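Spelled out from the first residue to the last, the chains are:
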Amino acid sequence: MTDKSKKNIDTKPIKALAKLLDELSLTEISYSDKEFSVSVSKSVNVNALPQSNISSSSKGPVVEDESNNDYQNDPRAIKSPMVGTVYLQPEPGANKFINVGDDVKSGQTLLIIEAMKTMNPIESSLQGKVTKILVENEQAVEFGQPLVLVE
Amino acid sequence: MFEKILIANRGEIAVRINRACQELGISTVAVHSEADRDSMHVRIADESVCIGPSAVNKSYLNTHAIISACEITGAQAVHPGYGFLSENASFAKMLEDHKLNFIGPKFQHIEMMGDKIQAKKIMNDFGVPVVPGSEGKIKDVEHAIRISNEIGFPVLLKASAGGGGRGMQIVKNDEELRKVLPILKQEALSFFGNSDIYVEKFIDSPRHIEIQVMCDTHGNFLHLYERDCSVQRRNQKVIEEALAPDISEDNKKKLYKICTDAMSRMGYLGLGTLEFLYSDGNFYFMEMNTRIQVEHPITEMITRVDLVREQICIAHGEKIFTTQENIKPLGHSIECRINAENPETFQPSAGQVQMYHAPAGNGIRLDTFIYSGYKVPHYYDNLLAKLIVTGRTRNHAIKRALRALNEIVIDGIQTNIDLHKKILSSNDFKQGAVPINWLENKIDQI
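Quick mapping for you: the protein sequence lines, in order, are chains A and B. Under my numbering, the first residue of the first sequence carries the number 1, and numbering increases by one thereafter. Under my numbering, the first residue of the second sequence carries the number 152, and numbering increases by one thereafter.
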C-alpha cells in the first residue's frame, strides 16, 4: 500500500487533460515542461466484429460498390429512392438515357429502376453536367445508393 | 432447405434469426434503414440491403422495398421476427403472391387472430375459456353500458385491432364509460386503423400466463409449456419466467390440452402463443400472438428446443423433429428485458454505448445487438438486450440472475438494470406468483 502522505500529486492538470481528451475525442494527450510531464490516455475498444461481406447475389453484380461509399454525402450525387434493378436505357437495344458529359435539366430522366415488376423513371434533382455514372446496367441497388454525379 | 432467407427486422431478433439461419447453412440477407447501417444484424449477415430512411414506415414496414430486396438478392423466404410486419396478414399474402415463403402461420390465421374480437369468439367455440364480455364489438354507448352492468363493473374497454397491451382502458361506472369510450375509439382509429371496441370484465390482480404452441404440416400440434409474464409496467413485460410457479400440474395439463386441441381444430401452422389471465385457479383467454415472441428464449432454455430453427424447418414443410413426450422441461429460466431508459422517468434514452461487457458463466445467455461504441438510434423500440438465466430451481435462477446483473456493464446510456436488481431482490418476487399490477403498485417500495 502506498503512503499517500508523502506525495502531493497536483490533479488539476491531469483533470484538465482528461477533460480535453473527451471534448476533442482523442485517445491520448500529453503535456511536458521543464518541471513536469504527464500523459493521459483512454483505452480504445477495438471493434472485433467482422465487417459484413457483401457477396454477389446470384442475380447480378454486387449491391454495394466501394466507390458508392465515397459519394454517400456528396451533394452532386443523385441517390436511389428505392430498392431495385437499374436500367440505363428505356428498353433493350435503345440508346442510354444519359452519357457522361451530357447536360441535364432538373426533372430529366437519368435511368430506370425496376422494382416489383414496375419501371420507375429516376429524375435528376439537379441541373448540370453528368460527370460520372456510378452504376452499371442491370445492377441491383439499395435505398440511398449514389447513382449519378451531376455538377 | 431454403438457400437464402431475408430477415425483415432489426435489433436483437434479427441477430437471433441470423444465428439460426447460419446454423442451418442458410445464407442471410439483412435489410436495414439508413440509421441502422452500423447495426449488428447488418454486420453479421451475408448480404445487406438498405431499404429506406430511418422512419419505420418507410423502411421496416415498407413491404415493397422488402419484396424488392428479395428480388435482387434471390432470397426465397422472409422471416419477419416480431413486431413490424410479423402479424401483417396482407404482407404474408403478398409474399405468397410473389412466390416467396413467409416464415410464420398461414395469412388467414394471422388475420383471424389479429382481430381480437374474432379471436375470442373462435377460441370460445373451441372450448377455450375466455374472459366474460361483450362477445363482439359494442354497437354504441348504451350497448356498452348494458353489457357492463350485466357482467359487473369494473370493465375493460379494449380496441379490437389493438394487442400487445395497447389500446385498453378501465372504467368503473356508467359515467366513466360515457366519457372514455369516444376517446378510446378515436385513439384506436389513429393507432390501429380500426375503431371497434369490445368490453371485457376487469379481472382483479390476475397473473399473465401464456402457452407456447408449435405446429407442422404433418399433423403435429405440440405445446412447449407455459411462461409467466406477470412482471409488467404499463402492460409491457419486464421480466418473464418458465415455468410458472404456484399453479397445480393438473390445472396446467388441462390448459395445455385445451390449447393443442384448439390448434388442431384450427389447422394452425408454425409457432404461436396463447395468452391467458389467471385468477383464482381459472384461466381466461385474452389473445393469441401468431409470431415468435420476445420471451421465447426462456422456453428454449428449459425445453432445449431451438424455436427459431423449428420455425424455419416447419416453414420448409419439415416434420417437427421430436414428439410431445420427448419435450420435457428441466430447470427454471428467467428473462430480464434490458431497456435503454431513464431509471426515474422510464423515458426511452438513446445514445452511444461507451463500454459494454457481457456477463458469462454457467446458465447465462445474452441476446443482444449492442457492442462497445454502438450508437443506439432513437427511432426504434428501446430493447437493448435480453438477459436469460437458467438454474436448477427458481431460487437458483434468481441468484444467478442477480450475479449476472452485477457483472453486466453498459456504460454511456441509461438502462433499467438497477430496476431488475431491485425486482429480483424483493421478497415478493422471491416468493413468486405476483400479479400483473404488482410492479406498478410496489415499484416505489422495492
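These aren't lab readings, by the way, just hints derived from the structure by calculation. These numbers were taken from a predicted model, which means no experiment stands behind them. A virtual CB, placed ideally from N, CA and C, is assigned to each residue, including glycine. Hints may contain errors.
As the list claims (entries may be wrong) - Take a look, some chain A residues computed to stay more than 10 Å from chain B by CB distance:
{"hint": "1", "residue": "Ser32"}
{"hint": "2", "residue": "Val40"}
{"hint": "3", "residue": "Val83"}
{"hint": "4", "residue": "Gln127"}
{"hint": "5", "residue": "Lys129"}
Claimed, not checked - Derived DSS-like pairs (lysine-lysine); straight-line CA-CA distance at most 30 Å:
{"hint": "6", "chain 1": "B", "residue 1": "Lys155", "chain 2": "A", "residue 2": "Lys105"}
{"hint": "7", "chain 1": "B", "residue 1": "Lys290", "chain 2": "A", "residue 2": "Lys117"}
{"hint": "8", "chain 1": "B", "residue 1": "Lys155", "chain 2": "A", "residue 2": "Lys79"}
What the hints assert, rightly or not - A partial selection of chain A residues facing chain B, derived with a Cβ cut-off under 7 Å:
{"hint": "9", "residue": "Gly84"}
{"hint": "10", "residue": "Ala115"}
{"hint": "11", "residue": "Met116"}
{"hint": "12", "residue": "Ala140"}
{"hint": "13", "residue": "Glu142"}
{"hint": "14", "residue": "Phe143"}
{"hint": "15", "residue": "Gly144"}
Regarding the hint that Phe143 of chain A lies at the interface with chain B, is the smallest CB-CB distance below 7 Å? With Cβ-Cβ at 5 Å, under 7 Å, it holds.
Interface hint outcome for Glu142 of chain A [beta carbon to chain B under 7 Å]: holds (4 Å)
Hey, Lys155 of chain B versus Lys105 of chain A, does the alpha-carbon distance stay inside 30 Å? Measuring from Cα to Cα gives roughly 41 Å; hence the hint is violated.
Is the nearest CB of chain B more than 10 Å from the CB of Lys129 of chain A? Fine: 28 Å to the nearest Cβ keeps Lys129 of chain A off the interface.
Status of Ser32 of chain A, Cβ more than 10 Å from any chain B Cβ: holds (28 Å)
Evaluation of the interface hint that places Met116 of chain A against chain B, nearest CB under 7 Å: Holds, because the Cβ-Cβ distance from Met116 of chain A to chain B comes to roughly 6 Å (cut-off 7 Å).
Taking 30 Å as the top limit, are the C-alpha atoms of Lys155 of chain B and Lys79 of chain A close enough? Since the Cα atoms of Lys155 of chain B and Lys79 of chain A sit roughly 27 Å apart, the hinted pair holds (cutoff 30 Å).
10 Å cut-off, C-beta based - Val40 of chain A kept clear of every residue in chain B: Answer for Val40 of chain A: holds, closest chain B Cβ roughly 17 Å.
Any CB of chain B closer than 7 Å to the CB of Gly84 of chain A? holds (5 Å)
Report holds if the minimum CB distance from Gln127 of chain A to chain B is greater than 10 Å, and violated otherwise. About 24 Å separates Gln127 of chain A from the closest Cβ of chain B, which puts it past 10 Å; holds.
Restraint satisfaction for Gly144 of chain A [CB to CB of chain B, less than 7 Å]: Hint on Gly144 of chain A: holds, closest Cβ of chain B at ~5 Å, below 7 Å.
Evaluation of the interface hint that places Ala140 of chain A against chain B, nearest CB under 7 Å: holds (4 Å)
In summary, the structure is inconsistent with hints 3, 6 and 7 from the numbered list given earlier, while agreeing with the others.
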